[in-house]
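Residue-level listing of the chains:
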Amino acid sequence: MNHLNVNRLFSLPARRPLLILVLLVLITGWLGNHALQLTLQPGFLNELPSKHPFAATYHEYNPQFGGGNVVVIALAELNGNIYSPTFMTALGDLTQAVLQINGVDPSTVSSLFTGNVTYREVTEYGYDGARVIPKAYDGSAAQIEQIRDNINRSREIGRLVALEQDGALIRFELAEIDRDGSALDYRQVGVALDNIRDSFESQGLEVRIIGFAPFVLAMIAAVEQVLLLMAVSLLVLVLVIGIKTGRVGAALAIAISPAFAVVGQLGLIAVTGGTVDPLSMLTPFLLYLFGVAVAWQLYGYWQADSGTAADGCANLLLKGAAPTLVVLLMLGGGLSLSLNSDLPLVVDFVSSTLLGLVPLAVALLVILPALMSFWVEPLPQLDETSPSDSTNSRSAFSTIVIVVLVVAVGLFARTQVRIGDDAGSGATQLSVDSRYNRDVDAILDDYLFGVDQLTLVAKSGRDGCLEFDVLHTVDRLIWELRNLPEVRSVYALPVYMKLSSIGHHEGFLRFYGYARQARGNTVNTWGTELRDKLYDPKCGVMPIRVFPVNHAESTLRKILDTAQQFADHNSTDAVSFEFALGNAAIRAAANDRVESVEFGLLIALALIGAAAVGLFSLNLLSVGPALLVFAAAASGIYPLLLLFDLGLNLTTLPAISIGLGWSLIVVAFASFARPGDVARIARVGGNAAIAVALALLPWLLAELRFQLTTGLLLTGFLLWIGLVGRFLLPRLWPQSELADRGF
Amino acid sequence: MLIDFFVARLRHWASVFVCFWILLAPTFAEDGAAITRPAPAAEFSNFADALMLSVTQAGDRLVAVGEHGLITLSDDQGQSWRQSRTGVPDTTLSAVTFIDDSHGWAVGRDEAVLYSADGGDSWQLQHWNPYPDSGLEAALLEVLFVNAADGFAVGANGVLMRTDDGGANWQRDALMHSEGYEPHLFDISGGGDQPLYISAEEGTLLRSVDGGDSWQELAVPFAGSLFGAIPVGTDGVLAYAMLGKAFYSPDRGDSWQPLETGTRNAWMNGRDRGDGSAVLVGYRGTVGVLDVSTLAVTLQPQQHRRAIADLLVMSAGQLLLAGQGGAWLSDFDPAISTSSAVNNQGSTALVEAVSAQVSQ
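As they're listed, the protein sequences go chains A and B. With my numbering, letter number 309 in the first sequence gets 309, and the count goes up by one each step, no holes. With my numbering, letter number 279 in the second sequence gets 279, and the count goes up by one each step, no holes.
The following block holds chain A by itself, in its conformation from the complex (with noise of 0.2 Å):
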């Protein structure tokens, strides 16, 4: 292929714009009207690693003990107690109006006025008991009486009645495949919520809703706020460009283009069968500030001495072009390792991702030159031959020295950097003082439950849940467990047998304990069905509920090294055990994978960025620069996750990935840069990163915690490499005479 034949083709976008910009609008049209099916799917099982050991026991136990995915609603009496006739039959209407909601599974329904809620008394002529509120209710003060009565004697009070008894909630679980057969609409769900919510509200009454259901919804409900905020940016975006380059034409393109990779991207997942989790909802946009700052480079080579699109397109992608497709290559090829992830989550972001990957390539090399070809005329070539800031050996050698503190720096605060979530205990994607959070914590003041959980499980040949030396070895794990100051409480059989046991003594407290012989324990058990889920229908397995305090990694950590170490120590042939189920279990699996899918990352991008600038760009000399650059790009996101409080979880990572892909760009361009050009160019691209920082922003007032966090680590770190690619990258360049000497 000849130089005139390599113009040709490199200028096509800007001689035939017209027809490429129909034929690509046509095409993004199809994939934009897929993109439209699409629908946020949120998966209670996403965050759950399918090859951790814990995904096991949890898949083998879940059915029978695991929480499932439980909503607990609570009504509050804001002025008295819950001994009325209107808040009782509120109570009432609130239990009918769960039963229902499409979706709920009415074995699961516990409330005041259920009938698997009684009392239980020993009195001197032997059990007494019944159900809580009378099935015959009325509602007439000499009932309301009754009912007080019946409450203090049952075991309520902080399960479902309030410890200052002016509430009372209601617990159920939502099935995952409804009474139809289809499965569970959360939109739905949604509804029916809001509806109860405003209908018991407008009586007066506070009303606290909290589990995975409405958590989702609450993230769902932010989409309007997420989009308006990204509308924002992209205003802010097109602004800073426009000031910065001085065209509008340029700004409009720059910002436009990428957005058409975008809605082919979440066509492409539409037509592959995908879905979108809530969780995974910023992703595209990022993905488009990406091609953003890919598009701003580009725009650096929108140069012809001959002032012709045609010659500005030629130009552009001849030096435009290798680095592009470099950097795009760089990240696919990064996050491709992590596409073997057994964190289904993980999974979603790397393969929408890349999804995205061909698009944007098309986009950015494609559509821009087209676009610019309407609107920009192209800048003149500058002298290349002469250098414009020249590095001596000396300067170069005291900034390899800060490049060296900036990632002993950066891989310090690596060491320290938090795995998981924080020491919270509501919903870390969601604000503090979010609605969904206040819930959590209105919650947890007034009754006595956790709402993280973490279930151990025991095992146990058949009626081994009767046997003492079973019962007791986990009784004596329950005892170590409880004198964590990690832990809230446990709940197990034998918490249950022990209690059991005072009970059937006319309460003396002393009987304290299950007994030796299995007839004895027998009688222990009653009182106690296979829906409480203490044990199954074998009575061989039995699960031990644990109730962190948070659910900060630090927390489970402890607690599963402390289960994990008397297990060791004390696993027999009639009992052994297996770990875990629950959703904090999930929350440590996942953070057990996390970590090592950013370590894979960090390493395979700078690896394969290392090589694949070295073999494409044909200059070995820029190897070691560009190692060091994006070591000091790199290196800046760890302080900054330090510096807000950030620890490396599902919600930082596609945030962190995205922002070790963008210190490539300015790495892969300056490789790809004739000699005397790094500077401008590594300028163009750090201007591009600070314009990117700014747009983000408006982000900083998000609702939603998560999209707010991933703003702000963003904005930190895209401010560092706009840093590292104006000031560090020209030092530190083989830009001089050397360079100049080798091609």
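Derived by calculation from the structure, the hints in this document are not laboratory data. Hints may be right or wrong, so weigh each one.
[What the hints assert, rightly or not] In silico negatives: residues of chain B with every beta carbon more than 12 Å from chain A:
#, residue
1, S54
2, T56
3, Q57
4, R82
5, R162
6, G166
7, L175
8, W215
9, E217
10, G236
11, N265
12, R273
13, G276
14, S293
[To be verified] Covered, in the sense of this in silico footprint (three residues per stretch, anywhere, with C-beta under 8 Å from a C-beta of chain B), are these stretches of chain A:
#, region
15, 480-486
16, 507-516
Cβ atoms here follow ideal geometry from the backbone N, Cα and C, with glycine treated the same way.
Start from chain A and add chain B according to the hints.
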């Protein structure tokens, strides 16, 4: 061939051994300790999460016992506690008593009797019988020493044990034998100038005026379980029970009068305050004060709702309560109707029988 021969001999001797073992095993079984070595009590420091069932004074020291063989000592009148676990098995300990500042006993499940000669710093197992011949549950519920040598322990299924050598040897005492049914003996009290009292199921209250050699049944007007009876003053007896019931006798148990307690919460224990009043404690933080002169009971419910198993009267204005949530000091004043617990941040293990699992 030779190998076959040895294998055959080995088999022979093995079967002989098995036969002997079958003959011998019952003799070993008589002494429970030969069958099951009790697991030692584990280290535990989260006292506010423990269920403590009994507390007593050993000189200036306080000693409390509870679940999982947890024994705690306090040398600052209940402000701070530390665990003592030398020689202590992991089993529920129900009761503890000291006759002076160094000699004391603790009893519990598995017919465990522990003895300490150093104020509770270390313990030795005097008796351990998890599988009694009766085949019934073995649990001692109360221990009483009238002097350094003579002691009693009562428990589930009619078990009454006596010692006259400071616990070196314990003998079972036949108390009542009604065909196949042995009522639980919840409490034994009295001694010294007072008769001995044993409280039991079905409204049974027994009195012994000859140091435990013979027992006489008293007529308490109640059919349910009597959880205890304490001498009050010289001749008074306060008996307490389930359902908030309590009864007072001014004449060492000859005649009884039911008390109006104002609660249905079961009473777990009581102490004479020595000033014409006595304190009862029970479920859901219930504290009641009996004024002997008027027979009125004033309730002083605690702000928490934890079950209280035992108490000590520390001073005019302070009680030491033991129960669900460890052992804690509580302000107390018969003139004020409510008091506030000093140690409120206990955990909630007992009440928290909650399996609510909420995601996110």
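Hints versus structure:
Listed as outside the interface, S54/B is inconsistent with that label: its C-beta sits roughly 8 Å from the nearest C-beta of chain A, within the 12 Å cut-off. Against chain A, the non-interface label of T56/B holds: every CB pair exceeds 12 Å, the least being about 14 Å. The beta carbon of Q57/B is kept farther than 12 Å from every beta carbon of chain A, the shortest such distance being approximately 19 Å. The Cβ of R82/B sits about 14 Å from the closest Cβ of chain A, beyond the 12 Å cut-off, so the non-interface label holds.
Listed as outside the interface, R162/B is consistent with that label: its C-beta sits roughly 20 Å from the nearest C-beta of chain A, beyond the 12 Å cut-off. No Cβ of chain A approaches the Cβ of G166/B within 12 Å, the least distance being about 24 Å, so the stated non-interface status holds. Residue-level check passed: L175/B sits 18 Å from the nearest beta carbon of chain A, beyond 12 Å. Against chain A, the non-interface label of W215/B holds: every CB pair exceeds 12 Å, the least being about 21 Å.
The claim that E217/B is not at the interface with chain A holds, since no C-beta of that chain comes within 12 Å of its own (minimum 17 Å). For G236/B, the non-interface assignment is confirmed: its Cβ lies about 24 Å from the closest Cβ of chain A, beyond the 12 Å cut-off. A Cβ of chain A approaches the Cβ of N265/B within 12 Å, the least distance being about 9 Å, so the stated non-interface status is violated. Annotated as non-interface, R273/B keeps its C-beta farther than 12 Å from every C-beta of chain A; the closest such distance is 22 Å.
Listed as a non-interface residue, G276/B keeps its Cβ farther than 12 Å from every Cβ of chain A; the least gap is roughly 28 Å. For S293/B, the non-interface assignment is confirmed: its Cβ lies about 29 Å from the closest Cβ of chain A, beyond the 12 Å cut-off. Remark: the region 480-486 of chain A is confirmed as covered by chain B, as 5 of its residues place a Cβ nearer than 8 Å to a Cβ of that chain, reaching the required three. Against chain B, the region 507-516 of chain A contributes 9 residues with a C-beta closer than 8 Å to a partner C-beta. That satisfies the three-residue criterion, and the hint holds.
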